[in-house]
Each structure stands twice: as structure tokens, then as C-alpha cells.
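Participant: Here is how the chains run, residue by residue.
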Amino acid sequence: MNFTSVQDVQDVAALVREAIDLKKDPLAFRNLGRDKTLGLVFMNPSLRTRLSTQKAASNLGMNVMAVNADRDNWAIEFQDGAVMNGTTVEHIRDAAPVLGSYCDIMGIRCFPGLVSRDTDYSEHIMKQFIKWTGRPCLSLESATLHPLQSLADCITIAEKRPVHRPKVVLAWAPHVKALPQAVANSFAEWMCRMDVDFAITHPPGYELDSKYTGDATIEYNQEKALEGADFVYVKNWSSYYEYGRILSQDPSRMLTEKLLAGAPDARVMHCLPVRRNVEISDEIADGPRSLIQAQAENRVYAAQAVLKRILLEK
Amino acid sequence: MNFTSVQDVQDVAALVREAIDLKKDPLAFRNLGRDKTLGLVFMNPSLRTRLSTQKAASNLGMNVMAVNADRDNWAIEFQDGAVMNGTTVEHIRDAAPVLGSYCDIMGIRCFPGLVSRDTDYSEHIMKQFIKWTGRPCLSLESATLHPLQSLADCITIAEKRPVHRPKVVLAWAPHVKALPQAVANSFAEWMCRMDVDFAITHPPGYELDSKYTGDATIEYNQEKALEGADFVYVKNWSSYYEYGRILSQDPSRMLTEKLLAGAPDARVMHCLPVRRNVEISDEIADGPRSLIQAQAENRVYAAQAVLKRILLEK
Amino acid sequence: MNFTSVQDVQDVAALVREAIDLKKDPLAFRNLGRDKTLGLVFMNPSLRTRLSTQKAASNLGMNVMAVNADRDNWAIEFQDGAVMNGTTVEHIRDAAPVLGSYCDIMGIRCFPGLVSRDTDYSEHIMKQFIKWTGRPCLSLESATLHPLQSLADCITIAEKRPVHRPKVVLAWAPHVKALPQAVANSFAEWMCRMDVDFAITHPPGYELDSKYTGDATIEYNQEKALEGADFVYVKNWSSYYEYGRILSQDPSRMLTEKLLAGAPDARVMHCLPVRRNVEISDEIADGPRSLIQAQAENRVYAAQAVLKRILLEK
Chain H
1 MNFTSVQDVQ DVAALVREAI DLKKDPLAFR NLGRDKTLGL VFMNPSLRTR
51 LSTQKAASNL GMNVMAVNAD RDNWAIEFQD GAVMNGTTVE HIRDAAPVLG
101 SYCDIMGIRC FPGLVSRDTD YSEHIMKQFI KWTGRPCLSL ESATLHPLQS
151 LADCITIAEK RPVHRPKVVL AWAPHVKALP QAVANSFAEW MCRMDVDFAI
201 THPPGYELDS KYTGDATIEY NQEKALEGAD FVYVKNWSSY YEYGRILSQD
251 PSRMLTEKLL AGAPDARVMH CLPVRRNVEI SDEIADGPRS LIQAQAENRV
301 YAAQAVLKRI LLEK
Chain G
1 MNFTSVQDVQ DVAALVREAI DLKKDPLAFR NLGRDKTLGL VFMNPSLRTR
51 LSTQKAASNL GMNVMAVNAD RDNWAIEFQD GAVMNGTTVE HIRDAAPVLG
101 SYCDIMGIRC FPGLVSRDTD YSEHIMKQFI KWTGRPCLSL ESATLHPLQS
151 LADCITIAEK RPVHRPKVVL AWAPHVKALP QAVANSFAEW MCRMDVDFAI
201 THPPGYELDS KYTGDATIEY NQEKALEGAD FVYVKNWSSY YEYGRILSQD
251 PSRMLTEKLL AGAPDARVMH CLPVRRNVEI SDEIADGPRS LIQAQAENRV
301 YAAQAVLKRI LLEK
Chain Z
1 MNFTSVQDVQ DVAALVREAI DLKKDPLAFR NLGRDKTLGL VFMNPSLRTR
51 LSTQKAASNL GMNVMAVNAD RDNWAIEFQD GAVMNGTTVE HIRDAAPVLG
101 SYCDIMGIRC FPGLVSRDTD YSEHIMKQFI KWTGRPCLSL ESATLHPLQS
151 LADCITIAEK RPVHRPKVVL AWAPHVKALP QAVANSFAEW MCRMDVDFAI
201 THPPGYELDS KYTGDATIEY NQEKALEGAD FVYVKNWSSY YEYGRILSQD
251 PSRMLTEKLL AGAPDARVMH CLPVRRNVEI SDEIADGPRS LIQAQAENRV
301 YAAQAVLKRI LLEK
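Residue numbers (the working numbering), protein chains in the order written: chain H, 1 to 314; chain G, 1 to 314; chain Z, 1 to 314.
Bound-form chain H, shown alone (with noise of 0.2 Å):
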């Protein structure tokens, strides 16, 4: 079993129940990963994936193994055929089964480069980790999704359900940067799979690819689509069609407590890390809307419950 997307599961309900549970008793599995050993491969930085894998492969009674392996210090050559004299030091094909050959579970991290769409969204990096590992592989994000964030997100979401169907919505907001679709784009794949109302809000220019986006409405104006909700997940991307550019830092956009006067009972989420002032105010960041502390919490929880299936299938 691979965790790379919302494709790999079969019930995301019973996932989240499953995270859920643990969460309550996060020792009732320590020593089923006894001996197992986890390693995580940081193609870039991490700090929450990092530290919340890390907390969850422990109550798991795991050893963890990372290698800070950015492309400066491990230059890893991907190309099938390659002559190596050039600055790549090492082929995946033989660097990802000597990993596979220390390590029991593989995790991995690899950002997009945010210059060809065709590239990142082919997820060659994670494609090849995976089939050269011969390990399962847990995405630490990848180029186009995050698992584990979406992951932590529905757990967050089901925990704080109103009685009815609820209302979730995906705003974007501003950043001062270019950043990747990969939040995005997840928290779509997995939306479309949760029992909920799910509705985007962005600029035009900003839609997603529909293979995440599914059925989701998509409304341009904000104010409209925040209406009523329950949920109002906030969070920047670049463009998708006018691949990695910034089309807007339209600052009526930063989520704020007017811009939800149709939302009276909106809880507010974000992946982190957050431009505060910029893509959500402070009010909203520090007020009792906020969920923002619950989704990172829920971050080990998700690793945990992934991980505990990967040890049980094996």
C-alpha cells in the first residue's frame, strides 16, 4: 500500500474514524511498528510533516531514519539512460532501493518546480521513489497533492460537523509568493469524497485542475460562496493554467471577519504556514473561528493511522 492520494483509500470515512480513534489513545498501537524502521526523504524543507510523522511513527514504537537530501547536497539523476557528467551524483534507481534496503516504509517529500506543468504533474520524483524503493510510500507532498494535510483536514472537519450536511468552502487568498497546488488540489480530491457541500472561490484564472476539482462549484465571487458556510478553508495558490504564475494579489481577498458576515458560525482552517495580514487577518487567526491549531494536531493522527495500515498490511 502506497499513500500518495485520496485514490489510495477506500473509505476515507473509516480512515478518519480510524485517526480519530487513535487520537484518544495514541500508545494503543506502541508496539506494533516495533523494529520497523520509517524513513523520510526531504527533497525540500519540512517542519510540522517532519515533526508530526516523526511524533507518529514514535507512538507507533517505530525508528525513524530522515535525509535531508535537497537537491543541492544529493543531486539525484531521474532520467532513465542519463550519461552522468553533469552535476547529478547519483541515479534513483540506485539510490531508492539501498533506502528501501535500510528502511521498512518510505516517506517523501518533493515540491514542484513550479516551471513546466507537464513535469510536476507527471509526479516522476514520487513515481520513481515508489517504484524503485520497493517499499510501501507515504507522500510528504508531492509535487501536485498533500495527503497527510488533506488527511488531517477531514479529521479536523469531522470533529467539529455541525448536525447538517455541512458547507465547505475553498478560498483563495493572496500570498506575496508563487506556491504550489498541491494543498489545493488535495483538500479538492478529498472534499469530493467527504459527505459535504463543497464549493472554491477564487480569481479567475486560478481553477484547479478538474480532475481534483470534480463537481465542486466553482464561484467566483467571494461573498456569495462564503455564504453559509460552515467551513472556509483558506489558502493561496499560483495558477494552474498559466502554470505558476501570480494573476492576482487582490487584497479584498484576505479572509476577514467582514468578509464572512454571511457565515455566522464559519470555523476557519489553514494548512499553516500562514501570511497572517496577508491571506487571513488577525482576528480571524486568533479568534474562536479558528482551526488552525486543531489541523496541525490532527497531523500526527493522520500519519498515525496511515502508518498503523501500512504495518498491518504487511
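Don't take each hint at face value.
Stated by the list, open to error - Just some of the chain Z residues that point at chain G, by a computed CB distance under 10 Å:
(1) G61
(2) M65
(3) A69
(4) W74
(5) E77
(6) G81
(7) A82
(8) V83
(9) M84
(10) N85
(11) R93
(12) S101
(13) C103
(14) D265
(15) N277
(16) I310
These are computed hints drawn from the structure, not numbers from a lab. These numbers were taken from a predicted model, which means no experiment stands behind them. All C-beta atoms, glycine included, are put in the ideal place defined by N, C-alpha and C.
Please arrange chains G and Z on chain H, whose structure you already have, making use of the hints.
Facilitator: Chains G and Z only, in chain H's frame:
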């Protein structure tokens, strides 16, 4: 319970005895920290502190997760209300509680900038970590203090204490770089709480904040200050009043055997790293007077005594 | 007991058998290293060595603490009597005993500068670590030798050994960078202690120090050297006599199937990382002759056999 200064300790002598007991049987409390996680945040590099604290935690059966959060990798915003459209990527109000949710105790290292005395002496970084993690916090050296080093120094003095009330001299020594006052401030405030005669010698202009030096004798004449000393603590620091400046590199202040002519029984201390033949001569560093290695070894038991207390309080 | 060369091993065949036994039951000695700490000092980057040694230590129940001490972060002074008013911040005489006081066994990685042969071949860095830590020291690759790699290579050869006395050939291959002689020196000195026919082939000018190659046959004609080989160890190194220089990048020395026409049963070895289609062709690396992954996997059991011996001696 936090541990950021001698002010956090009611009975210094009792804490020193506790550390000495742990040194005799480091694994006596090997299960005390079971299932507890110590999170270490390094805003600045660390070697001795990192390893000794890790060892201490491991002796108590704790898990350790370390984060290298230097200002380049993970630029944290500390200003309330900041519009984060610049280079900082995450606010301490968001980052710290996440760490707190993954860890039971936090250790923080944050050096001073040596540009603004007010900024550094406000200890805003340490204070905000304490405020926002919601966990007991351990200073791994802050802008103005280094209490784990000072506790290790007190242990070392207690171990080697003569029968009479010892004379302890903090002796400024030259250095090629402008260094923080943290070790000197901290040593001074701990010595003021120990049963010792405490004097400080340095060139004019190197006076420390009297908040830390209390009733210590300030003696500019180095030879006179060293006369009859039982313990000489060698350390460089930059000026407090002409903040962060190097006012002297007077080579006659390097500690040598000749300078200790009037202190035949003096033992010499330094917190490391030491610039040999600049701060201290080889003959001293390699001679029988040196307690430098004993101090470094005692770092483990200093950290262990403090972690033990925090674990027992929780 | 230190482990820095084959000279530290009395009976190579016995150590190889011990490693093969550990491979069959890696956790057979899971409590041997309980409460013992292995300290790893990386003066240079490491991936395979770091992970395999960590895994080996973990199989024996040891704790591991790693220090990334590359020359930029923690510039160590190795010169006795140095006046440290320059860029080095801590003397090995001070740094090493501190590490020794926190750890039971030390592992050290230190590459050659490839500027001065005398400096590199004096192994002053490794020797001073050994002298001043006061603990058993394990080479994780030094300026001139890589004994854990060679032991893993011996294990691999022992596992795949034909019934007859095998012919082993160390074959120089081209590379884009000037590499150390360490792996080649080390492989040579271990082969001289194994029950094999050992030959070396390289372009003129690439002769290794005869101290390591002993009675090995030096055959400049590559095809002739490879004829009838059972094991071909491919490796680049820079010139020993014209120290650190690249004298040839002759592409005909890249190992291909064609070159192995006269060695139908030859298995091919490389210590990784390998420059594909420069040192070795894809057809070899991906073909049935390759033992490259087996070597990498055996790194764990090489390290584990050595750590086990050190633990039993203490």
C-alpha cells in the same frame, strides 16, 4: 516550570546536589520520561548543548525531536500585528503552539543580535516561545543568559570545592569576535546565589548589567583580582554599555600560568569553545588546573536534573 | 579497539562470517548495546554510511547521536600550539574529549583535501580524534581508507563466491571529478587478506600506494586484466603520485558488457554513488551481473559486526 534563569530555581544547592546524585547513577530515572517528547528548537547552531541535552533526555527515557530553525530556513515573525508580506514565513503565534502540541517540554536556543541592547535584553524571542508553546520551556542559551551552562559550572565548583569558602573570579579574556554577554551574565547571577566570594575582572568598559552581577566585587586590576582565587572562570564578552562592541583585545588578559602566580591552587574554567592562546594559554588548558572537560561533562547532569524536575512537576 | 583499517582485524574471514550470521538474524543481539551511545561525527556529507551505521546501531539497541561538523559550521583546529585568532573555533583537544564524555563509541568521517598527499596520508584528523576522544573509534571513511565499505565488499564476495579461488579485479573507471583513493586503497588492502587472486587495472599514472596493493598484479591492459574475472570492482580515483590530479578520462575504461566478453561469469561491484554511463554502462548496472545493491545492503551488517565486537570488548 520554565528554566531560563537562576530565578527559576528556589534552592540552587539542592539542584546541584540532585545533579551530582544523577551523575552517580544516570539511569536511576530511566522510565521517568517514558512516552514524553522533548522538542529542541535551535535558532542558532549548537553542539555541546544539543548533545548533552539529548543525552540527558535519553537517560530519562524521553524521545527527542530537534528542529534547526535558523533564521534563513524558517524565518519566524515575532511582531504582533505584522503584515507578513516580507521575508518572514510564519508567526510565532502559529508556530509555537504547533511545536507545543507535538512535544511535552520545549528547549529553545536563541542568540542575541548584538545590534540593539533593548531588543536583546527584552528576551522577546524566548518570552514569546514560552508564551505560545504552552509547555514548560528550557533555555538552551538565550540572548542574555545560559542557565544550563551555569548550573553545570555550579556542579563543577561543588565537586572541586575546597574546605574554605572559595574565591571565584570571572575573568574577561580577549577574543577575535564580538561575543554575547550571556555566559558571563548567567555565571554572575548563579555565583551570587552560591556560597562563594565572587569577583569579576575586566578592562574598563566591559561592566556587565548590575542586575546580574549584584554585590560582586569588580576589580579592574587583573593580577589583584586573581590573587588567592580558587576558581578562575575565563570568558570573553562584548561591551554591554557600548553595546556589542569590542573595546579591547589586550593580550595581557589571556590567562597564563604567570598571571596565576598569586593563585597557586586556582582551578581554571571555561564553557567552550575556547580560542587557545588567545583567551587561555595551552599550558593552562592542558595542565592540571583545568576543569574545562569536567564542566562539559556536567552539562549532561545539569540538563538531566532540570528535565527531571520538570517531568516530576507535570 | 578501533576500526580504521584491515590492520585492526586479526581474522578477516571470521569477521565476514560474523557479519553473515548477523544478516540472518539482525536482532539476535538487540540488547547488547542497551544504554550505550554511538556518536557520529561527519566532517563531510554522508548518506549510505550514515543510514547503514544508524541501522546497525539500532539493531544492537544502541542510541545514536550525530553531529554534522563540516568545516564551515564547526571549524576545528588540529594544529598543536596554534594561536587561534583566525577562523577555527575549537581545538580537537577540547572538542574530542567532550564528544567522548557523551558517547561510548565514536564514528568519524573525514575526507582528504586532495591538495597535500603528506597531510592526507598522515591521517592526522582521524588520528587526533582517536587520540583525544578516549573512546573506541570507527572510521566512517577517512582520508585514505574506507574499511566499513571494504568489509561490506568482502561479505558480498563471500556470499557469491564460486567453488574455485576467485579472481577479483579492481578496475579504474573514468569520472568527471577528482576523487579520493580511499575506497580503492581500502579494497586493495582487504583483498590482500582474502583468499582470492587479486589484480588491479588502471591507466599508467594511477598506481596506488604499494603499502595497500601489496602483491596484487598490476595490469595496465584492461581487457587482459578482466579476462576470467569472477568479480570486477569498478571505481574511479585520482592520481596518487601526481597527487589529486585527473590524468585520464578515457571513455574506453567505462565498464560495459563488451569489455567483459572474456569474463562471462563476472559479477560487477561498485560502492555507490556511481556515475552511470561514465563509470559503468546501464546494461551492467541494471543487469544480472550487478552486485551493487547487495554491497549497499551489506553495509548494515559490516557496521553491525564491528560495533558488536567493540561492544563485547568494552
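Participant: Can you name, in rising order, the numbers of the hints this structure does not satisfy?
Facilitator: Of the numbered hints, 1, 14, 15 and 16 do not hold.
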